[in-house]
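J.: Same order as they appear, the protein sequences are chains L and E.
Going left to right, the first sequence walks through residues 1 to 346 as full-length UniProt numbering numbers them.
Going left to right, the second sequence walks through residues 1 to 346 as full-length UniProt numbering numbers them.
Derived from the structure by calculation, the hints contain no laboratory data.
So, partial list: chain L residues that the calculated Cβ filter (under 7 Å) puts toward chain E:
1) 36
2) 197
3) 222
4) 231
5) 250
Ideal Cβ positions, reconstructed from N, Cα and C, are used throughout, including at glycine.
Number of protein chains: 2
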Amino acid sequence: MTYTLSKSELEEIYNFALDLGRRAGQILIEGVDKRTGEASGRGDNVEVEKVNAVDIVTQTDLDVEAFVKDEITKKYPSHSFIGEETYSSGSSKEYLIKDDPTWCVDPLDGTVNYTHLFPMFCVSIALVLNGMPVVGVIYQPMLDTTYSAYTGGGAWQDDSHPLKPRRPLPYITNPTSPLPPNAPSGCIFACEWGKDRRGDTPTSALSKKVTSFLNLASELNSRDGKGGMAHGIRSLGSATLDLAYVATGAFDIWWEGGCWEWDVAAGICILREAGGLVTTANPPADWETCRVPEVVLGGRLYLAIRPAGGGKGESGREGQERVVREVWKRVETLEYGRPGFEVKMK
Amino acid sequence: MTYTLSKSELEEIYNFALDLGRRAGQILIEGVDKRTGEASGRGDNVEVEKVNAVDIVTQTDLDVEAFVKDEITKKYPSHSFIGEETYSSGSSKEYLIKDDPTWCVDPLDGTVNYTHLFPMFCVSIALVLNGMPVVGVIYQPMLDTTYSAYTGGGAWQDDSHPLKPRRPLPYITNPTSPLPPNAPSGCIFACEWGKDRRGDTPTSALSKKVTSFLNLASELNSRDGKGGMAHGIRSLGSATLDLAYVATGAFDIWWEGGCWEWDVAAGICILREAGGLVTTANPPADWETCRVPEVVLGGRLYLAIRPAGGGKGESGREGQERVVREVWKRVETLEYGRPGFEVKMK
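With the sequences and hints as input, model every part of the structure.
T.: Listed below in structure tokens is the structure:
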């Protein structure tokens, strides 16, 4: 069955999620303070360092998810909830989101960055309805930056913070820049190395990813025509923030396989609302001519293109689809199945 | 001849450079505002978009360098000055820094990021004396963050900004964490793809870099023993900020060839003052046993290791040297010569 939420209901949920994201981020910052000794007075407390950093991170991750789940359950008891931590502690890897209102939460995306205190980590909170995220909030606590959207409400950086006024996404909106004529040349390509590190196996995710990165980076028309001469190759270590930076327009292309719905749900909502396109990472057989499919939330394969204006005889959407095909032409096919789930392209 | 500056002279120069970095960063932000229409009222002024983004970036880069050079010349007329823009407009690629006090400035590091409005760009200002940077200031204007140091004065994030109190670098200082026992496993490895994009030539910088990245990333002991299983691989697109994040302790290892003295001078000062180690990227013939050489500022080959405490029978410095050798074991030799310059390892 199809569920509906009115615009005012969505707006209320959005404001709740924005506040929740900031409060959850505060718990992450408290975890940072424990590790730097900030809260207890620098230099006075050697005790804090005796606690293993990884233990603090794991506990903070669980604490944030418990906090977010508890707040949502109190406010919206009829809604379902999927969080990274509760999901991962179960044995199945099935896709569990149905059509009813379901919160999809990553309490801490960019865990390695958080462990090392590199600021590129965040809280990701989304509400999914009928298979698509309709509210998305990403909060980057170490930089005190929010990215957020709800369907029909626009996409925004920052919120009501007195010193950081809301600004619409993408940054350059008047008009939004067209994608470069010979993209991926002129584009920033964002990608991640991931956790599968079998560097000796040509069919491993790592080998296929690095071959694809190298194609995108190499001189135009080198590597049997696959060279893309991307303007820059960036790896932040957070799928969620990669999507946020595609929504701002800073990154032009993000291509990734293997992440999960809680990594991308909020980012997909924000990017789509900003005018971006999200589809599958893997080139379909008829990639040159096929219709560009909508992203499948649980598909674990994602290709995102930034918001773009039209120019030189093509619309913004046509430019985005052109860049999708230019990426598909250059990337390897990744294998990330999951039990009981078949990617249905709509 | 050897020049000397007293601690109070250095401190005065440091305070001048800190203020100068923030003022230079403000010019970069004005360039951002021109492109997003922020200053002229969003939505009212289509005019700003008619100016090519690349023209604005190039002009801003030149404006910032002219401003910084002018301020330095007024304040310290006897000091020499090397800036990226003035250097690049000349024909020679010789190393020009002598022993006398010389300012070494990159008005905009991370130009591609600046063009795309990704916040990882910065101003880099250093004073070099007798071949080594003794004052370093990095200012990241879009995040309003400063990294700074002078020899003997400590390394710091942020300065007198009312909402951002100074904090010492590295973040975790009490005690500073030891490097992981089986590093590069457990480490964040920062690297950049660079501008040489010959992906079909096995001897190109790109091929050698990607082989090295893949070695560092792959499972321990795979790839003929070169697999390093780094915890994360990060590419920000700014050599200067890579060094800043090594100084904070967020990144454990940064390995790079091909950048220039203005990209690294401020970062080297800050990292060394924070307790980090900087040496050459290329493994010496006797890499397993040789003395780890001090970095050569103009050598265009850099390997940086974060500040580290001692642990399990080794000092912090011993741990850093262990990690240097673990990196040397896994990387290819890069070729970045320059006319009239021979890397003399001290």
